[in-house]
Amino acid sequence: MRVITTELKKLFGNKIFLLIIAAVMILNAYLMFRTANSGESSPADYKAVFSELSDLSDTEKIDWIDKQLNNFSEDQLYNRNVLSELYEECSNIVGYREYLENIKSQAESMKSVSIFAKPNTFNYRSITKTPSAYENVQDVQPAFDISNGIILATDNSFTDILCIFIVIFIVLSVIISDREQGMSGLLFALKRGRSYLLFMKIAAAAVTILGVILLIYTENLIISEQLYGLGNLFRPVQSINGFIGCNLKISVAGYLILYILFKFISIFAIGAVLSLIAVNTKNTVTFYGISAILFIIESILYIKIHPLSIYSIFRYINLISFTKTNNIFCNFKNINFWNYPVALIPISIIAVLSIAAICVGLSAILYSKKRNLEFHKIGLKINIKKNNKIHSKLYYTFYKSLIMQRGFIVVIAFIAISGIMNQNFVKKYDVTDVYYEYYADMLKGKITQDKLDFIDSESLRFNDIQLKIDNLYQTGYSLEKNELYKALAPSHGFNLIKNRIDEIKDIDGVQIFYDTGYRRMFGITDDDDDMKYAFVAVLLCIFLISPLAANDKRYRMSSIINSTSSGRNRYIIRNITVASAYGLFAALLWIIPYIITIFQYYGSDGLKATIRSIAFFKYFIIDMTVLQYLIFISLLRIIFSVFLSLIMLWVSMKCKSAASAILINFAVFALPVLIYLLGAEFIINIGFNPLLNVNVILNDYTPIQLAIVPIIFAFIIISKIKNYLLCS
Amino acid sequence: MNKLELHKINKHYGKKKHALCDFSFTFTNGIYGLLGPNGAGKSTLMNIITDNLLPDKDGGKILWNCTETKVLKDKFRSQLGFMPQQQNLYDNMTAHTFLNYIASLKCLDKNKAKKEILKIVERVELTDSLDKKMGGFSGGMKQRTLIAAALLGNPELIILDEPTAGLDPKQRVIIRNMVSDLGKEKIIIISTHIVSDIETIAKEILFIKEGCLIDSGEITDLTDKVEIGEKTLENLYMQYYGEI
Numbered sequence: 001m002r003v004i005t006t007e008l009k010k011l012f013g014n015k016i017f018l019l020i021i022a023a024v025m026i027l028n029a030y031l032m033f034r035t036a037n038s039g040e041s042s043p044a045d046y047k048a049v050f051s052e053l054s055d056l057s058d059t060e061k062i063d064w065i066d067k068q069l070n071n072f073s074e075d076q077l078y079n080r081n082v083l084s085e086l087y088e089e090c091s092n093i094v095g096y097r098e099y100l101e102n103i104k105s106q107a108e109s110m111k112s113v114s115i116f117a118k119p120n121t122f123n124y125r126s127i128t129k130t131p132s133a134y135e136n137v138q139d140v141q142p143a144f145d146i147s148n149g150i151i152l153a154t155d156n157s158f159t160d161i162l163c164i165f166i167v168i169f170i171v172l173s174v175i176i177s178d179r180e181q182g183m184s185g186l187l188f189a190l191k192r193g194r195s196y197l198l199f200m201k202i203a204a205a206a207v208t209i210l211g212v213i214l215l216i217y218t219e220n221l222i223i224s225e226q227l228y229g230l231g232n233l234f235r236p237v238q239s240i241n242g243f244i245g246c247n248l249k250i251s252v253a254g255y256l257i258l259y260i261l262f263k264f265i266s267i268f269a270i271g272a273v274l275s276l277i278a279v280n281t282k283n284t285v286t287f288y289g290i291s292a293i294l295f296i297i298e299s300i301l302y303i304k305i306h307p308l309s310i311y312s313i314f315r316y317i318n319l320i321s322f323t324k325t326n327n328i329f330c331n332f333k334n335i336n337f338w339n340y341p342v343a344l345i346p347i348s349i350i351a352v353l354s355i356a357a358i359c360v361g362l363s364a365i366l367y368s369k370k371r372n373l374e375f376h377k378i379g380l381k382i383n384i385k386k387n388n389k390i391h392s393k394l395y396y397t398f399y400k401s402l403i404m405q406r407g408f409i410v411v412i413a414f415i416a417i418s419g420i421m422n423q424n425f426v427k428k429y430d431v432t433d434v435y436y437e438y439y440a441d442m443l444k445g446k447i448t449q450d451k452l453d454f455i456d457s458e459s460l461r462f463n464d465i466q467l468k469i470d471n472l473y474q475t476g477y478s479l480e481k482n483e484l485y486k487a488l489a490p491s492h493g494f495n496l497i498k499n500r501i502d503e504i505k506d507i508d509g510v511q512i513f514y515d516t517g518y519r520r521m522f523g524i525t526d527d528d529d530d531m532k533y534a535f536v537a538v539l540l541c542i543f544l545i546s547p548l549a550a551n552d553k554r555y556r557m558s559s560i561i562n563s564t565s566s567g568r569n570r571y572i573i574r575n576i577t578v579a580s581a582y583g584l585f586a587a588l589l590w591i592i593p594y595i596i597t598i599f600q601y602y603g604s605d606g607l608k609a610t611i612r613s614i615a616f617f618k619y620f621i622i623d624m625t626v627l628q629y630l631i632f633i634s635l636l637r638i639i640f641s642v643f644l645s646l647i648m649l650w651v652s653m654k655c656k657s658a659a660s661a662i663l664i665n666f667a668v669f670a671l672p673v674l675i676y677l678l679g680a681e682f683i684i685n686i687g688f689n690p691l692l693n694v695n696v697i698l699n700d701y702t703p704i705q706l707a708i709v710p711i712i713f714a715f716i717i718i719s720k721i722k723n724y725l726l727c728s
Numbered sequence: 001m002n003k004l005e006l007h008k009i010n011k012h013y014g015k016k017k018h019a020l021c022d023f024s025f026t027f028t029n030g031i032y033g034l035l036g037p038n039g040a041g042k043s044t045l046m047n048i049i050t051d052n053l054l055p056d057k058d059g060g061k062i063l064w065n066c067t068e069t070k071v072l073k074d075k076f077r078s079q080l081g082f083m084p085q086q087q088n089l090y091d092n093m094t095a096h097t098f099l100n101y102i103a104s105l106k107c108l109d110k111n112k113a114k115k116e117i118l119k120i121v122e123r124v125e126l127t128d129s130l131d132k133k134m135g136g137f138s139g140g141m142k143q144r145t146l147i148a149a150a151l152l153g154n155p156e157l158i159i160l161d162e163p164t165a166g167l168d169p170k171q172r173v174i175i176r177n178m179v180s181d182l183g184k185e186k187i188i189i190i191s192t193h194i195v196s197d198i199e200t201i202a203k204e205i206l207f208i209k210e211g212c213l214i215d216s217g218e219i220t221d222l223t224d225k226v227e228i229g230e231k232t233l234e235n236l237y238m239q240y241y242g243e244i
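Heads up: the protein sequence lines correspond to chains A and B, in order.
With our numbering, the residue at position 103 of the first sequence is 103, and numbering never jumps.
With our numbering, the residue at position 51 of the second sequence is 51, and numbering never jumps.
Isolated chain A (complex conformation) (with noise of 0.2 angstroms):
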């Protein structure tokens, strides 16, 4: 106990870990409200609601809805979808009984069509094991009750994410940072020093997760019965939202009891994996590389497989699949075990708990065998000098970074990703916006009176079209009604041509060309390219920004180096020059092949046009060609990346050790990012976000965004400032 409590102690002496929770929490409770208020929907309106229903049965809560749906009005204190919505649930619950029956009598008539009749199928014994494990829960009735404030607490990615990155800080700290403090080889040399250690790390790791787990968990259940009510805890779990399918029989109150078992489970095992390949790496970079290409395969096993294919098991025995612990549980599922049936729950379960009991059991094993000074014999090879030359000082700086803390490989690494981005690039494939292209190559060019012509006599065909279409309304399938409906096809296409000449035609020297490619570069469309592209250059910044100044701090080599005559200022310059040289390769590794694609994919007319060609722009205040306007916002995008590189810089030379400001900056640049990516879409205006997506700031700027920039700026200039008056 005593070691435990001292890795406890370890572990939450660090104020960065306090920090990083109390962010995390903080983040958590503002996507909480943010998620229950994005919706169409509001808790208000849930809650408005079920204070009506509060008294009734649940045959006469549907009966109220079923009546408030056909005699709505509009000054409701509710709206219209949360009544439909709620309606279903209900509907539901009421037919639970059926539902049960249903699948008793679907499972007999399934086996008799012919595709599901083959005995030795995984859908025919399936088919035949399913109605069984509803068993059980015959005698079961749900009760209908509020929902959101449940799902709201137990369904949210985000939570998971946040999860996640918590659970990488604790591995960092508990496994690594011993041999990142030098610490290892005092205590290899122990008794217990080696496999008794590390389960020792590992049970405090085990108890600090489920501590975090609590504490998260218990803030989005505090939160979701603030905005909506957690309801009866007591009703059978079939009573939520989604939850119909599940044959367990328990209450709402035991599943959320269920719940944080399992995700303590889930999130342990993930945990333990993460220690395996800790134990088993020389550097922390090499450890986050490992960590990120597990995850990169976990989530395509999981996205890819499909549910009913023979390597569902890999889509189910897997790291991300665990962590949605209501898909796991709110449903009863087989799995296909290579055509065999195995039910999802119990499997779950026993590989979520074999994974962790292996991973630690073989990091025990591991870590026992290990040797704490195998580390210098690479560092030794690689830091033999070839020859005697004297390089420039900028040079030993890239040769530290590139060379010493493997920033060539980050860099491969990145080209690779990249390369493979530009690769996958997909054009979407749009009817409408293939008659859009055919029109704006038809009407290329600036916009004259014949073209306005064509536009009128193409309307007036359209509509003629139309009004024939309508005229049939009354009339069943036909060959002419047929046709008509193939000639109307190219009108959506058309209608966005005719609306955008609309639009633009007063405007001078505008012309027309097709547009779409630049509509999606400059963050137009609903494509999330910008954002995709940023998330990979971060990550590439992060990786080779955070380790330049905090190593040299871990390795103690600040205070030589400051003493030198080329220290201080001096060194902070190199390592600016050198910070400013990766964000300037980053901004270019995704700049320079998204524009080529973009090219490829959707040719470059209309370069030389005015950027008021295009309807968006149309009130841009200055007049530039497309062409200026891409090199304006790629030069923005370059000065930002550079910029973000800077403030990474800080960060690194705030910390100790190249973990810490690897975690940090992670949290600050890429977590908002990732979690953007992940449909939160409000988050594109807070932090670093605008300046990394930047079409943002152009489109659709705000006073907030752009107070940012000179915020941050004035924030490091002032510390700057502070810090050289200090030195002085």
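Hints listed in this document are in silico derivations from the structure and should not be mistaken for laboratory results.
Here the structure is a predicted model, which means the values were calculated and not measured.
Keep in mind that a hint or two might mislead.
[To be verified] Mimicking EDC-like on lysine to aspartate or glutamate, the simulated pairs with C-alpha atoms at most 16 angstroms apart in a straight line are:
1) B/Lys209 to B/Asp224
2) A/Lys370 to B/Asp91
3) B/Lys184 to B/Glu204
4) A/Lys656 to B/Asp91
[To be verified] Far from chain B, by Cβ distances over 12 angstroms, these chain A residues were calculated:
5) Lys47
6) Lys67
7) Gly182
8) Asn689
Each residue gets a CB set at the ideal place from its N, CA and C atoms; glycine is no exception.
For this one, chain A is given, so just place chain B on it according to the hints.
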């Protein structure tokens, strides 16, 4: 009487660097000084003994009281007190917590550890700083904390890598006397560059050069080998390593 036997220990770093070359020696109770310039293989030898580094495959064996250490594993480590050559400690931890942590990893009973810690810190003159965070310790204080950690649990084999580096003369004398007292019943191996630290207390001195044991013996026997100048250990050191 304890016995540590090293049989033909070999260690290569990469293909070219031969860090230890057929190193054989038998240590019995008493103090042994390891002398040699930087890169001679002293730290490699200490790290191999403490199992922080593996010798080459078929690169010899180490026996503790006639049993191979790789068979004894943690039983051997329970007899071991190691002070590595390092200046990094847990900055956020107090010396007391750190020593408690080490005591628990050495399987010391809580109450016994409490008493022993107080006794040892008094010997290394750290009592006043026991509850201070180690982040604020000077190099000498860190060194003394590490010595205290090595001595916890009354180990039979004590390996000290540069124990007096960073200590002031008074503290060096204290540590030297302490080691001298302990050396009567235990095996103590000290690696150092400071000849004066060991010449008055060591039972035997081992000279290592390029991974090989070039000479060993009692101080009087060794000093007789000095060819030029006064018959001191320092002059012999200069003679072996070509510094004169």
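- Message: Please list, smallest to largest, the hint numbers that this structure does not respect.
- Response: 1, 2 and 7
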